[in-house]
Every structure is written in structure tokens, then in C-alpha cells.
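Trainee: Based on the hints, put chain B in the right spot on chain A.
Chains as they are written, first to last, in full-length UniProt numbering: chain A, 1 to 362; chain B, 1 to 362.
Certain hints may be false.
List of simulated lysine to any residue pairs, SDA-like, C-alpha gap at most 25 Å [unchecked claim]:
no.: 1; chain 1: A; residue 1: Lys274; chain 2: B; residue 2: Asp139
no.: 2; chain 1: A; residue 1: Lys274; chain 2: B; residue 2: Ala140
no.: 3; chain 1: A; residue 1: Lys274; chain 2: B; residue 2: Gly138
no.: 4; chain 1: B; residue 1: Lys274; chain 2: A; residue 2: Ser52
no.: 5; chain 1: B; residue 1: Lys274; chain 2: A; residue 2: Gly138
no.: 6; chain 1: A; residue 1: Lys274; chain 2: B; residue 2: Gly51
no.: 7; chain 1: A; residue 1: Lys264; chain 2: A; residue 2: Arg308
Where chain A lies over chain B, by a calculated footprint (3+ residues, C-beta under 8 Å) [what the hints assert, rightly or not]:
no.: 8; region: 115-126
no.: 9; region: 144-156
no.: 10; region: 177-183
Everything labelled a hint here was simulated from the structure, so no lab data went into it. Virtual Cβ for every residue (Gly too), placed ideally from N, Cα, C.
Protein chains: 2
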Amino acid sequence: MAEFTTADQAAAEQPSAGAPPLDGHEAAVILERTRASVDPELRAAIDSLPGSMRRIALYHFGWEHADGTPAAGSAGKAIRPALVLTAAAALGGPRARATALRAAAAVELVHNFTLLHDDVMDRDTTRRHRPTAWTVFGDADAILAGDALQALALGLLAEDPHPASSAAAARLASCVVELCAGQHADTALERRHPGEVTLDEVLTMAEAKTGALLGCACALGALYAGASDEDVEALDAFGRQAGLAFQLIDDVIGIWGDPKRTGKPAGADLAVRKKSLPVVAALTSGTPAATELAELYELPYAKEDLERTVLAVERAGGRDWAQVQAADRMARAMDELTRAVADPEAAGGLLALAEFVTRRST
Amino acid sequence: MAEFTTADQAAAEQPSAGAPPLDGHEAAVILERTRASVDPELRAAIDSLPGSMRRIALYHFGWEHADGTPAAGSAGKAIRPALVLTAAAALGGPRARATALRAAAAVELVHNFTLLHDDVMDRDTTRRHRPTAWTVFGDADAILAGDALQALALGLLAEDPHPASSAAAARLASCVVELCAGQHADTALERRHPGEVTLDEVLTMAEAKTGALLGCACALGALYAGASDEDVEALDAFGRQAGLAFQLIDDVIGIWGDPKRTGKPAGADLAVRKKSLPVVAALTSGTPAATELAELYELPYAKEDLERTVLAVERAGGRDWAQVQAADRMARAMDELTRAVADPEAAGGLLALAEFVTRRST
Chain A
1 MAEFTTADQA AAEQPSAGAP PLDGHEAAVI LERTRASVDP ELRAAIDSLP GSMRRIALYH
61 FGWEHADGTP AAGSAGKAIR PALVLTAAAA LGGPRARATA LRAAAAVELV HNFTLLHDDV
121 MDRDTTRRHR PTAWTVFGDA DAILAGDALQ ALALGLLAED PHPASSAAAA RLASCVVELC
181 AGQHADTALE RRHPGEVTLD EVLTMAEAKT GALLGCACAL GALYAGASDE DVEALDAFGR
241 QAGLAFQLID DVIGIWGDPK RTGKPAGADL AVRKKSLPVV AALTSGTPAA TELAELYELP
301 YAKEDLERTV LAVERAGGRD WAQVQAADRM ARAMDELTRA VADPEAAGGL LALAEFVTRR
361 ST
Chain B
1 MAEFTTADQA AAEQPSAGAP PLDGHEAAVI LERTRASVDP ELRAAIDSLP GSMRRIALYH
61 FGWEHADGTP AAGSAGKAIR PALVLTAAAA LGGPRARATA LRAAAAVELV HNFTLLHDDV
121 MDRDTTRRHR PTAWTVFGDA DAILAGDALQ ALALGLLAED PHPASSAAAA RLASCVVELC
181 AGQHADTALE RRHPGEVTLD EVLTMAEAKT GALLGCACAL GALYAGASDE DVEALDAFGR
241 QAGLAFQLID DVIGIWGDPK RTGKPAGADL AVRKKSLPVV AALTSGTPAA TELAELYELP
301 YAKEDLERTV LAVERAGGRD WAQVQAADRM ARAMDELTRA VADPEAAGGL LALAEFVTRR
361 ST
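Bound-form chain A, shown alone (with noise of 0.2 Å):
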């Protein structure tokens, strides 16, 4: 899936779902204070695996070069490391944060598990500015350190003395199902003609690819809490909505994204032909637009056909089919927080998370 470091105006332009505006700052502090706290973890399990493992999972991590010598470490956002200790601070205060450590590197070596074997079967020769692990070593050692990076997430989790740790590893587990069914999901329905994909369809696929580990994290975080079932459920529903919204705002900038800010030329997703968000809301709105797309969608891409495409998703309503929902679904996630944590203070953390997850970057 995407990572979080791209923005655009097309976001920026997004509805505020009423929350007062934030500039990002918060969300900052909160991302810089989770590596600080959760790199150590991270650190520790890695370095416990074989040399063989240890080295893969160093460079993906972008900790070190190729060549094993030490590089500066450019892993990611840890967006989801920070759902899990802001969760946890929100319901339980700074003492349950404390306890949430290993959920975090948890719930992170999981999203790079993912990334790891994603990229692999994707064919993706990018992540994060560098070639993807499978690029470098293989195939073979990409998967194998994949399923390293998995078990050393539930074994973390399983070594955990904390109370709800089995709780959580059973949540993670069922996760990590979720998310292979939705990378399964994914993969098919690109196979498939554009007029046989349904939009419930695409959006449970994103649901399950990018809302379940969201969800996972702050629901983790709550269990780490001793938070009730009730907000337990409230806090992976506040994160799977806010995923669907990145999700949705992520498909907009790939058609309508400044390829200046965006760093990949304008129009790409339709240019692969990918049954985006929007693309599918466009498909499927019984316009004559969506007639002309399906026709622009039977041929190969042409670069002179680019702009007639962008028009036609935009006539057949799907570029603001995927604002509103993208709204709708940051409404919904607003209402699940408020739900679980009714303090305006203690929520202001999560809520600045899901903000900059679906309108902001660096």
C-alpha cells in the first residue's frame, strides 16, 4: 500500500468534518516521540534474528546499505506505531503508553512484513526512495525475512507479560488474515474487466488493505488500556475509517495529484489502468461518462488520451464521490473516537493522526 508521505492540494481541499484545523505540528511531535520510544524495540527484535534475516530486515528497514555498512534509517512514518501509543495514552494516560512498547514494534514489524512480501508480488522496484528488498536479494530472501519479520511480531507479543498481550496477539493475528485477503482482493480484481468490479467490492478490498492495520493499532493500544471491549471495538473502527479516508484521498491525488508534490508523473494511476476509488465510482454511476470511460478504460493508455480520462471520471461524478466519502469516512471516525474517548484533550493525539494521515505531509 501507499505510504503516508504523499499530499496534495486535492487534500488539502478536503472537508474538515468539523474539526478545528490543525497544521500538523501535533502529529509531528507525536511521530518524532514514537521513533524515539519505539526504535529501540524495533532495533532489539531485529537484531535478535539470524544474521541471514537480520540483514535483510536491516536494509528494508533502511538501516543499513546493500553492503551491511550502517545507513541513516528512513523507515517510514510510523503511523502506526503512534496509533498504538496514542490509543493507549488516550484511554490509559501516559503509564499505559509506557506499556504499549512492544504492541508498537508489534504492530510495525507486521506493516513491514506486508511491505516486504507486497513488493514482492507487486513487482514494486521502489519503497521509500531505495529498491525494494526482493531488488537487492532475491525473491526468496524477501519472503523468507517477510515471514521472519511476522513471527517475531507475534513472538513479541507472545513474550509480553503484560495482561492483555494474548488478547492482542489474537487481534494481530486475525489481522495479518485480513490483510493477506485483501492483498489477495487487490491483485484479483486488477485481473478483472473494469465493468464486472463492483464499488462495495473495491471498497471492502480497502478496508481490508489499509483500514484493518489502522483499526488493529488503535484497538491494540486500547487493549493495552484494559479499555472495555465496547471502546476496544470504538478504537478499531475509529482506525479503519480513517484508513478508508486516507484511502480514498490517496486515489484522488493519483489521478488529480501535482505531479510536483506527488513525485509520479500526473495521471498514473489511470495510465496503469488501476480500478481506483474514484475510477470505480465513476464506472459504476450509469452516466454517459462512465460509458466513455469504460471505452477509454478498454485501450491502452495513450498519453494523448490522459486528459479526455481525467475529464470523464470527473463528469461521471468520481472525483467528488471520493471527497464526500472521504469526508464521510472521517466523520465516522470522529464519531467512533468521541464514542471511546469523550475527553476532548485525551482524543486531541488520535485525532491529530488521522488528520495528518489524510491531509497533510511533509
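Mentor: Frame of chain A, contents of chain B only:
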């Protein structure tokens, strides 16, 4: 790795390490009883998967044909779950055995996750006399189904209320990491020049790839019986040594096995220039036959050289070394078993299983 379905005169000729002769009947009874009690756990776990993942898992386990129609099922010999249950019974009696069903299913799920992934990496096209999952569903789906089975295994233990379940999950997770390192070492060794590979390296690889999960299975049974740390480690060592004995004998069969009984062509491992244990023992023997073997291994395989290659391994002492090593490993396994389970009657089941994997077949 190899399934426990081959046998041969070479194996039958193994010294029996002082153990009373067994006709394999006791092992067959244990394996049948294991299937009867573990299969329902296993089926329930697999049935809990989302449709896409369930379909691949059911095919891999032999419970469905590729088209989704029911199949008779031929999911291997269930040696590993049998070791879990028999170790639990040896140290804690029938009540301990009854509590260890989930742990037994978890070990079998981990074994099958590694088979799914190893088949993708090794490009193996046949498993249990059927086309491998990746040949039917593609690489991506076989990788995802393997990922899901690992999660299912560790999730089963996380949900298990038994007081030993966390320790068991931690041990199984750590075993997965060792299995990954073993598979990496195996493929890395096969890529290296025969003259550069040491016997220690091949033994370490075989222990990680084959011994680790057999040891872990026995250790999990001991944990579920509430055994002391010392007994858990002794049971782990028992399984590891028996696993190494199995691998040594399997490698002997790979060269001297009777094609009529193994179903593979004569000298199959030599034809693919495999650096199996007897071959590396021969290559590192410092004898004139070692030099001859090294020269033959430099050349592409030619059928007319097979007899000379087999003889070179023999004259360099590869066969004798492997047989003595196998007997030695079995003796060590028995020592460890006796240390933890002093009563010969209680130890009988584990002894029968060890004899079965190292000497017998269907």
C-alpha cells in the same frame, strides 16, 4: 523439506541404537489417532479463513480439488502434531494430551505454511503426489495463503487459555525464524561452489530446516504437560536429534535409494548436484575419491557418470559417515528422551515415532 513417506533398504539397515525392534505398528496407531483428534481443530481453523485464503489452504491440505470440490485429503503423515500430543502424554498423561490439541494444530499449520512458501522458492511442482499450490493458484496466492497459515497458527495459541500457551507461542515464533534461516541457508549453500561448503554448515542448515520444528513440536507437548524447563529443553533436543537422523537417512536414500521404493530416479540428488550431507562429508574427506567427486560435480550431469559418482561418494566415506552419524544422532535423541521421561513405557510413543521417521514408511 522431504515428507516422511520414503523408506529404503538403506534406512532399514540402520543400526538400531540399542532400541528394541519395532514393527511400526505403534507409530501407525499414534499417527491415525493424531489425525482423528487434530483434523477437526485444523479444519475449524482453516474454515475460519476468508474465502480466498480458505480455498488455497483446503487445496494444499488435500481437502479440496483445485475446482473447489471435496477431496479425500492426504495431508501428510501428521508427524509433528503426533510429536506434540505424544510428548504431552509422555510427561503429563492423557489429560495433558487432551489440552494440547490446539498446539498440535498450530505446529501443523506452521509446517504447512513453510511448505507453501518453500515450494514457491524452490519451484517444486509436486507435493504429496499433487500439483503444488503455486502451480494452481500462482505465486502471489501461495505466498499469501502461507502468510495466513502462519498467522492462524500463532493466533490459535494466542486464543488458547492454557497457562502454557504464551510460552508455546513464543517458542513456535522463534522456531519459525529458525526455519526461515534454514531455508535461506539451504538455497544459499546450493548456489555456492561445492569446494567451499563445510560439513558444519550443512549440519547447521539441516538442524534449522528439519530438526528445529520436530524439536519445537516435542517442546510444546512438554510445555502443555507443565514440564520443567529442563525437561522442555530435553524434549526439544530429542526432536532435533531425531530430525537430523531423519535427514541423514533421507540423504542416503537420495543417492542409494531403490527407485522402485522411492518413486525417484536412482541417484536423484547426485543428478541435480545436491550438496546433501553424504556428499559434503565425501567432498571434505581429504581422500583421493573426494578429488574425483569434486571434479565430477564440476561437470554437468551425464547419465553414464552416475555409477562413478555414486562410487566416489562411497569410497570417500560419505555413506558410512552418514549412517554412523544417523545412528549417533538417534542415540543422542534416546539419551535426551530418557533424561526427561525415565519410565520406558511412558517414553514408548515418542520412541516409536522417532523410529518411524528415521526407518519406516507407509
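Trainee: Please write out, lowest number first, the hints stated earlier that are contradicted by the structure.
Mentor: none
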